[in-house]
Amino acid sequence: MEIDHQELEILLNVLVATVLCGLVGYERENKDKPAGLKTNMIVGGFSCLIVSLSLPLIDFVHNYEFQEAVKADPIRILQALVVGISFIGPGTIIKQNHDKVKGLTTAATLLYCLGIGISIALHKYIIAIGITLIILMINYSFTRLKEKIIDK
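In terms of UniProt numbering, the sequence shown is residues 1 to 152.
There's no promise every hint is true.
BS3-like, lysine-lysine: derived pairs with alpha carbons at most 30 Å apart [said to hold, decoys possible]:
| no. | residue 1 | residue 2 |
| --- | --- | --- |
| 1 | LYS95 | LYS124 |
| 2 | LYS148 | LYS100 |
| 3 | LYS38 | LYS124 |
| 4 | LYS148 | LYS31 |
| 5 | LYS31 | LYS146 |
| 6 | LYS31 | LYS102 |
| 7 | LYS95 | LYS38 |
| 8 | LYS100 | LYS38 |
| 9 | LYS102 | LYS38 |
| 10 | LYS146 | LYS102 |
| 11 | LYS100 | LYS31 |
| 12 | LYS38 | LYS146 |
| 13 | LYS95 | LYS31 |
| 14 | LYS95 | LYS148 |
| 15 | LYS148 | LYS102 |
| 16 | LYS146 | LYS95 |
For each label pair, taking beta carbons as the anchor points, the in silico distance ranges come out as [what the hints assert, rightly or not]:
| no. | residue 1 | residue 2 | range |
| --- | --- | --- | --- |
| 17 | PRO56 | LEU145 | 40 to 46 Å |
| 18 | SER141 | GLN96 | 20 to 26 Å |
| 19 | ILE3 | VAL83 | 33 to 39 Å |
| 20 | LEU133 | HIS62 | 32 to 38 Å |
| 21 | TYR125 | VAL83 | 44 to 50 Å |
| 22 | PRO56 | LYS146 | 19 to 25 Å |
| 23 | MET1 | ARG76 | 31 to 37 Å |
| 24 | GLN79 | LEU12 | 23 to 29 Å |
| 25 | TYR64 | ASP32 | 18 to 24 Å |
| 26 | GLU2 | LYS146 | 52 to 58 Å |
| 27 | ASP32 | LEU145 | 27 to 33 Å |
| 28 | VAL101 | ILE129 | 39 to 45 Å |
| 29 | VAL19 | LYS102 | 23 to 29 Å |
| 30 | LYS95 | ASN63 | 20 to 26 Å |
Simulated from the structure, these hints should not be mistaken for lab results. Fair warning: this is a prediction, and the values are worked out from it, not measured in the lab. C-beta atoms are modelled at their ideal positions from N, C-alpha and C, and glycine is treated no differently.
Could you build all of it, start to finish, from the sequences and the hints given here?
Written out as structure tokens, the structure reads:
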């Protein structure tokens, strides 16, 4: 059995996306949020996997007789991922009182992890690292800022 370097690259990319989203998930887990470490890691790794597998699939379709019958549109893959994660997100949102809703940040953080996974799959590593740092900054810094300014 010959080693397929493309498969190893996809596996490595999924691992990188999973680790970056693990950093984000760790922050959520520390705050005892509904979608914590594992959920964020799975979202990031899965989104990277699906986008990574879609790229060779598009090439496969274009290289064979299916080209006329099947039109490949990579944007649809991204749309499907966003819809799928947007379906999971509401499961983290809880209305406590008439005026208090919890879990919105966690749902939005899952979307960020989706973006991290997609970025890694498209070999946009600087973007992936950058948006990981941005979401960590938002979730850490703005929580403390809110506690100091708004919750006083």
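Outcome of the hint check:
1. Of the pairs offered as hints, the one joining LYS95 and LYS124 is violated, with about 37 Å between alpha carbons and a cut-off of 30 Å exceeded.
2. Between LYS148 and LYS100 the CA atoms are separated by roughly 19 Å; this keeps the pair inside 30 Å, and the hint holds.
3. With a C-alpha separation of about 23 Å, the suggested pair LYS38 and LYS124 falls inside the 30 Å cut-off, and the hint holds.
4. Using a Cα cut-off of 30 Å, the hinted pair LYS148 and LYS31 holds, with the two alpha carbons roughly 17 Å apart.
5. For the suggested pair LYS31 and LYS146, the alpha carbons sit about 15 Å apart, so the restraint of at most 30 Å is met.
6. Straight-line distance between C-alpha atoms of LYS31 and LYS102 comes to about 12 Å, which keeps the hinted pair within the 30 Å bound.
7. Restraint check for LYS95 and LYS38: satisfied, since their Cα atoms lie roughly 23 Å apart, inside the 30 Å limit.
8. Using a Cα cut-off of 30 Å, the hinted pair LYS100 and LYS38 holds, with the two alpha carbons roughly 26 Å apart.
9. Between LYS102 and LYS38, the direct Cα distance comes to roughly 20 Å. Compliance with the 30 Å bound is thereby established for this hinted pair.
10. For the suggested pair LYS146 and LYS102, the alpha carbons sit about 15 Å apart, so the restraint of at most 30 Å is met.
11. With a CA separation close to 17 Å, the supplied pair LYS100 and LYS31 stays within the 30 Å bound.
12. The straight-line distance between the Cα atoms of LYS38 and LYS146 is roughly 26 Å, inside the 30 Å bound, and the hint therefore holds.
13. Restraint check for LYS95 and LYS31: the C-alpha separation of about 18 Å stays at or below 30 Å, so the hint holds.
14. For the hint linking LYS95 to LYS148, the alpha-carbon distance of about 24 Å falls within 30 Å, and the restraint holds.
15. Proposed proximity of LYS148 and LYS102 is supported: the alpha carbons are some 19 Å apart, at most 30 Å.
16. With a CA separation close to 20 Å, the supplied pair LYS146 and LYS95 stays within the 30 Å bound.
17. Our hint of 40 to 46 Å for PRO56 and LEU145 holds, since their Cβ atoms are close to 44 Å apart.
18. Checked against the hint of 20 to 26 Å, the pair SER141 and GLN96 passes, with Cβ atoms roughly 24 Å apart.
19. Take ILE3 and VAL83: their Cβ atoms lie about 35 Å apart, and the range 33 to 39 Å holds.
20. For LEU133 and HIS62, the Cβ-Cβ distance of about 36 Å falls inside the hinted range of 32 to 38 Å, so the restraint holds.
21. Roughly 26 Å separates the CB atoms of TYR125 and VAL83, a value that falls outside the hinted 44 to 50 Å.
22. About 44 Å separates the C-beta atoms of PRO56 and LYS146, a value inconsistent with the hinted range of 19 to 25 Å.
23. Roughly 33 Å separates the CB atoms of MET1 and ARG76, a value that falls within the hinted 31 to 37 Å.
24. For the pair GLN79 and LEU12, the supplied restraint of 23 to 29 Å holds, since their beta-carbon distance comes to about 26 Å.
25. Between TYR64 and ASP32 the CB atoms are about 50 Å apart, so this pair departs from the stated range of 18 to 24 Å.
26. For the pair GLU2 and LYS146, the supplied restraint of 52 to 58 Å holds, since their beta-carbon distance comes to about 55 Å.
27. The supplied range of 27 to 33 Å is broken by ASP32 and LEU145, whose beta-carbon atoms lie about 20 Å from each other.
28. Between VAL101 and ILE129 the C-beta distance comes to about 31 Å, which lies outside the given range of 39 to 45 Å.
29. Separated by about 27 Å at the C-beta atoms, VAL19 and LYS102 satisfy the suggested range of 23 to 29 Å.
30. Restraint check, LYS95 to ASN63: a C-beta distance of roughly 51 Å breaks the suggested window 20 to 26 Å.
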